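Colleague: Here is what each chain is made of, one letter per residue.
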Amino acid sequence: MENFLASLFTFQGFAFYLFSFLTIILFWITVMSNNVLYAMTSLASGMVLISGFFFILGADFLGVVQLIVYVGAVMALYSFAMMFFDATREIKEKNTNGAVVFVLGGLSALMLVLMFAAPIHSESIQALYPMHEGVGNAQDVGIVLFTKYLVPFEVAALMLLVAMIAGIILAGKKMDKSLTEMMDEDAGEDEILTQKDEK
Amino acid sequence: METTTLIGQLPEVTAAGVAIKAILILAIISAIAGFGTYLERKVLAFMQRRLGPTHVGPYGLLQIAADGIKLFTKEDIVPQHANSLIFKVAPVITAATAFIALAGVPVFPDFTIPEFVPVLGGTFVPSIASDVNVGILFVIGMMAAGLYGPLLAGMAQANKWGIIGAARTAIQFLSYEVVTGLSLLAPIMLVGSLSLIDFNEAQSGGFTSWFIWQQPVAFVLFLIAGFAETNRTPFDLLEHEAEVISGYATEYSGMRWGMFFIGEYANMITISILAAVVFLGGYNDFGFIAGWIMILLKVAFFFFLMLWVRAAWPHVRPDQLMWLCWKVLMPIAVINVVVTGIVMMV
Numbered sequence: 001m002e003n004f005l006a007s008l009f010t011f012q013g014f015a016f017y018l019f020s021f022l023t024i025i026l027f028w029i030t031v032m033s034n035n036v037l038y039a040m041t042s043l044a045s046g047m048v049l050i051s052g053f054f055f056i057l058g059a060d061f062l063g064v065v066q067l068i069v070y071v072g073a074v075m076a077l078y079s080f081a082m083m084f085f086d087a088t089r090e091i092k093e094k095n096t097n098g099a100v101v102f103v104l105g106g107l108s109a110l111m112l113v114l115m116f117a118a119p120i121h122s123e124s125i126q127a128l129y130p131m132h133e134g135v136g137n138a139q140d141v142g143i144v145l146f147t148k149y150l151v152p153f154e155v156a157a158l159m160l161l162v163a164m165i166a167g168i169i170l171a172g173k174k175m176d177k178s179l180t181e182m183m184d185e186d187a188g189e190d191e192i193l194t195q196k197d198e199k
Numbered sequence: 001m002e003t004t005t006l007i008g009q010l011p012e013v014t015a016a017g018v019a020i021k022a023i024l025i026l027a028i029i030s031a032i033a034g035f036g037t038y039l040e041r042k043v044l045a046f047m048q049r050r051l052g053p054t055h056v057g058p059y060g061l062l063q064i065a066a067d068g069i070k071l072f073t074k075e076d077i078v079p080q081h082a083n084s085l086i087f088k089v090a091p092v093i094t095a096a097t098a099f100i101a102l103a104g105v106p107v108f109p110d111f112t113i114p115e116f117v118p119v120l121g122g123t124f125v126p127s128i129a130s131d132v133n134v135g136i137l138f139v140i141g142m143m144a145a146g147l148y149g150p151l152l153a154g155m156a157q158a159n160k161w162g163i164i165g166a167a168r169t170a171i172q173f174l175s176y177e178v179v180t181g182l183s184l185l186a187p188i189m190l191v192g193s194l195s196l197i198d199f200n201e202a203q204s205g206g207f208t209s210w211f212i213w214q215q216p217v218a219f220v221l222f223l224i225a226g227f228a229e230t231n232r233t234p235f236d237l238l239e240h241e242a243e244v245i246s247g248y249a250t251e252y253s254g255m256r257w258g259m260f261f262i263g264e265y266a267n268m269i270t271i272s273i274l275a276a277v278v279f280l281g282g283y284n285d286f287g288f289i290a291g292w293i294m295i296l297l298k299v300a301f302f303f304f305l306m307l308w309v310r311a312a313w314p315h316v317r318p319d320q321l322m323w324l325c326w327k328v329l330m331p332i333a334v335i336n337v338v339v340t341g342i343v344m345m346v
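The listed protein sequences correspond, in order, to chains A and B. Here the first sequence stands for residues 1 to 199, where the numbers follow the numbering used here. Here the second sequence stands for residues 1 to 346, where the numbers follow the numbering used here.
It should be emphasised that the hints constitute simulated quantities derived from the structure, not laboratory data. Watch out, some of these pointers could steer you wrong.
[Stated by the list, open to error] Lysine to any residue pairs mimicking SDA-like chemistry, simulated, CA-CA at most 25 Å apart:
1. Lys327(B) <-> Ile143(A)
2. Lys70(B) <-> Gln80(B)
3. Lys327(B) <-> Ala76(A)
[As the list claims (entries may be wrong)] Output of the computed footprint for chain A on chain B, the stretches with three or more beta carbons under 8 Å from beta carbons of chain A:
4. 71-83
5. 122-135
6. 141-152
7. 158-169
In this text the structure is predicted, and so the values were computed from the model without any measurement. Cβ atoms here follow ideal geometry from the backbone N, Cα and C, with glycine treated the same way.
Required output: the full structure, derived from the provided sequences and hints.
Modeller: Set out below in structure tokens:
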């Protein structure tokens, strides 16, 4: 308890506890909220706050990457939410069976406990690739990425390429046609729809 | 020239100095944002052979005060079916992220408060409020986060124009972000650092060492992406009156609407500073002109350029923006990066 209070009143400690508290609250809202807008917004702000941890640890580069990547990713998620839901209303959720929720929740809780317990052994944890003094974050990440982790890095690149090609093939069936021309062709069907509406 | 040298024998940056800097940025940039609206109306008016604001004060100069009074006293309306919490948060996001982004770029020269000032005398006020060594990425990331403002505003207000504005925000973000990153990558490769101070140092060799001569393609790409990033006219899809009333800002009034504007003008200034530091030699001295005057001139030029472009060009459709960014600008940016890499290796 004294340790906790002592760390709370240092700058880093205070920032850490503030960020942790906010992040946990925000992600809790993400899980529990019935409103798309609340869930998405808390997810986005939680992701932004996580970058704060990287900044506290002095990993500026990773912090900024976290910021840029997740801001973009959640923005894409928003556009799907916009297409599927009415953002200003609450959504009736289909509650899946309790057993799955119980198992998943229990597993996550177990993982949390393990994560919290890990620092007890922190003295036995050593950085295999410690940061170099006087070298920037980006250079350090780059060196490790292109030596030790070259194969996973390239595999990830290949997977992204496959995903991109798949995306283009799925979405690009009528890419050579103009959207407005296609709408003109659909005009006949629209008339049927309006007739139905009138009935 | 002690006031302009940012590197070298500098006094220690204290927390008080950073706090003063933050307050300075907030106060002055907010005021400039207000003055920017006046400048924009005047410049546009002269380019279109009109007079612009003339009635309030000499040359309409007090128009800013009149606008301010109007914004502050206007009734604050939250639409009935809107999600009121998100509706209220959205403008704050735009304004806040715009100012956080300004923390990472050099704004005004650094100076030491004279000793005779009580309490704060002798405090050193740095040029960059927070000198993170990944400055350029931080600024870009923060400005990207700023687009959550229009997005949330559009989705929260239960208005079809708002929803269209929000959808266009997402489109715009997903289009320009790649171009911004790739166009900045080539100069970053040349400098080998993400710090804006290193960019400035790399161009300290005078007029010919400016990166615009080595990277003209990247400069043009960055400018185009910057216009998209700040919603300036060729790409002002988010709130184009003729098509979507006011887009994401349709239901906003009073100071909440004003915060969107302050954020937009602060972003214009940030992009101008970025362009000046990365491509146009930053705050280095230019002949007999001091560095801090040079960067003000450059920022003023980019600000004027944005108004000029608004007066000169019509705006594009969303699909044209996507076509431009993904099919034209992104391949050019990739080729530019590859060519830069080959030239550096050879």
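Colleague: The structure should be examined with respect to each hint, and the outcome stated for every one.
Modeller: The hints, checked one at a time:
Simply put, Lys327(B) and Ile143(A) have alpha-carbon atoms about 32 Å apart, too far for the 25 Å limit, and the pair is violated. For the hint linking Lys70(B) to Gln80(B), the alpha-carbon distance of about 23 Å falls within 25 Å, and the restraint holds. Between the alpha carbons of Lys327(B) and Ala76(A) the distance comes to roughly 20 Å, so the proposed pair stays at or under 25 Å and holds. Given a C-beta distance limit of less than 8 Å, the hint that chain A covers the stretch 71-83 of chain B holds, as 3 residues qualify and 3 suffice.
A count of 3 residues in the stretch 122-135 of chain B with a Cβ less than 8 Å from any Cβ of chain A is obtained; the coverage claim is therefore met, three being the minimum. Only residues whose C-beta sits within less than 8 Å of a C-beta in chain A count toward coverage, and the stretch 141-152 of chain B has 8 of them, enough to reach three; the restraint holds. For the stretch 158-169 of chain B, the stated coverage by chain A holds: 4 residues have a C-beta nearer than 8 Å to a C-beta of that chain, and at least 3 were required.
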